[in-house]
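*Asks:* The lines below spell out each chain.
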Amino acid sequence: DVKVTQSSRYLVKRTGEKVFLECVQDMDHENMFWYRQDPGLGLRLIYFSYDVKMKEKGDIPEGYSVSREKKERFSLILESASTNQTSMYLCASSSTTPGYTFGSGTRLTVV
Amino acid sequence: AQTVTQSQPEMSVQEAETVTLSCTYDTSESDYYLFWYKQPPSRQMILVIRQEAYKQQNATENRFSVNFQKAAKSFSLKISDSQLGDAAMYFCAYWGNAGNMLTFGGGTRLMVKP
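Chains as they are written, first to last, in my numbering: chain R, 10 to 120; chain C, 11 to 124.
Errors might be hidden in some of the hints.
[Stated by the list, open to error] Within a straight-line C-alpha distance of at most 25 Å, the following computed DMTMM-like cross-link-like pairs (lysine to aspartate or glutamate) qualify: (1) K80/C x E25/C; (2) K80/R x D35/R; (3) K66/R x E39/C; (4) K27/R x E78/R; (5) K79/R x D47/R; (6) K66/R x D36/C; (7) K12/R x D96/C; (8) K22/R x D60/R; (9) K12/R x E71/C; (10) K66/R x E26/R; (11) K88/C x D36/C; (12) K83/C x D36/C.
The set of hints was computed from the structure by calculation and includes no laboratory data.
With the hints as constraints, model all of the structure from the sequences given.
*Replies:* Structure (structure tokens):
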């Protein structure tokens with residue numbers, strides 16, 4: 010069964026910490042995406058990548074960075090976590106076939 | 011840029027009855043794909059149904075069917091014989107030709123009453 014795996018289901022971090030959210034897919038997909046999901050705001054695109062070592066800003070990149078050193082792994086980095094980054098984070102991947110495969114999400118709480 | 015609008019933030023349906031979730035979109039493209047995704051409380055986003063714009067026939071998957079009106083740019087999801095397990099957030103999404111990426115609507119929360 011094809012998978013997108015997010016390493017943590019729940020995370021609690023302190024303000025100012027550097028936070029890494031990891032996403033791994035086993036489908037050899039070229040494209041990977043990070044979204045955050047907040048009540049009433051839907052899914053908002055943070056960053057995406059169409060290839061290894063390539064990244065593009067989405068709609069809300071401020072306060073985030075990403076890393077894609079290998080095709081299967083796409084990491085989201087919060088350089089200095091803040092309370093307004095408390096949210097649900099969803100990773101997804103796709104190929105040229107329309108549609109996404111999603112991970113199961115990471116609920117991040119910054120205290 | 012394409013936009014996707016779900017005008018119903020919340021809907022409720024009685025178990026075993028039928029409910030329709032609305033979705034409209036804006037595009038100048040003629041060839042594209044439309045999707046409905048379901049996100050249950052477990053959070054895993056699951057593909058419900060997919061429609062290719064060049065196909066006039068409405069897609070169907072068991073109790074889930076769509077009403078695709080290309081000229082009106084409307085793509086509604088009908089759930090028949092609603093079950094408690096259908097309770098979830100439902101997202102409508104658009105996939106066009108400019109980049110391998112989905113554009114999502116804001117979501118509709120469906121509640122199913124026993």
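*Asks:* Hinted pair, alpha-carbon criterion (25 Å max): K66/R, E26/R. Please report holds or violated.
*Replies:* holds (22 Å)
*Asks:* Would the hint linking K80/R and D35/R be met if the CA-CA limit is 25 Å?
*Replies:* OK: K80/R and D35/R at ~9 Å, within 25 Å.
*Asks:* Is K79/R within 25 Å of D47/R, Cα to Cα?
*Replies:* Violated, because 29 Å separates the two Cα atoms, which is more than 25 Å.
*Asks:* Are the Cα positions of K66/R and D36/C separated by 25 Å at most?
*Replies:* holds (23 Å)
*Asks:* Does K27/R pair with E78/R here, judged by a C-alpha cut-off of 25 Å?
*Replies:* holds (19 Å)
*Asks:* Take the C-alpha atoms of K12/R and D96/C, compute the straight-line distance between them, and say whether it is at most 25 Å.
*Replies:* Within the cut-off at roughly 23 Å; holds.
*Asks:* Taking only the CA atoms, is the gap from K22/R to D60/R under or equal to 25 Å?
*Replies:* violated (30 Å)
*Asks:* Starting from K66/R, check that the Cα of E39/C is at most 25 Å away, please.
*Replies:* holds (24 Å)
*Asks:* Taking 25 Å as the top limit, are the C-alpha atoms of K83/C and D36/C close enough?
*Replies:* Given pair K83/C, D36/C holds - Cα atoms ~7 Å apart, limit 25 Å.
*Asks:* Decide if the proposed pair is consistent with the structure: K12/R and E71/C, CA atoms, cutoff 25 Å inclusive.
*Replies:* Given that 25 Å is the threshold and the Cα spacing comes to 22 Å, the pair holds.
*Asks:* Given the hinted pair K80/C and E25/C, is their Cα-Cα distance within 25 Å?
*Replies:* Distance of about 31 Å is beyond 25 Å: violated.
*Asks:* Is K88/C within 25 Å of D36/C, Cα to Cα?
*Replies:* With a Cα-Cα distance of about 21 Å, the restraint between K88/C and D36/C holds, given a limit of 25 Å.
The structure shown violates the earlier hints numbered 1, 5, 8.
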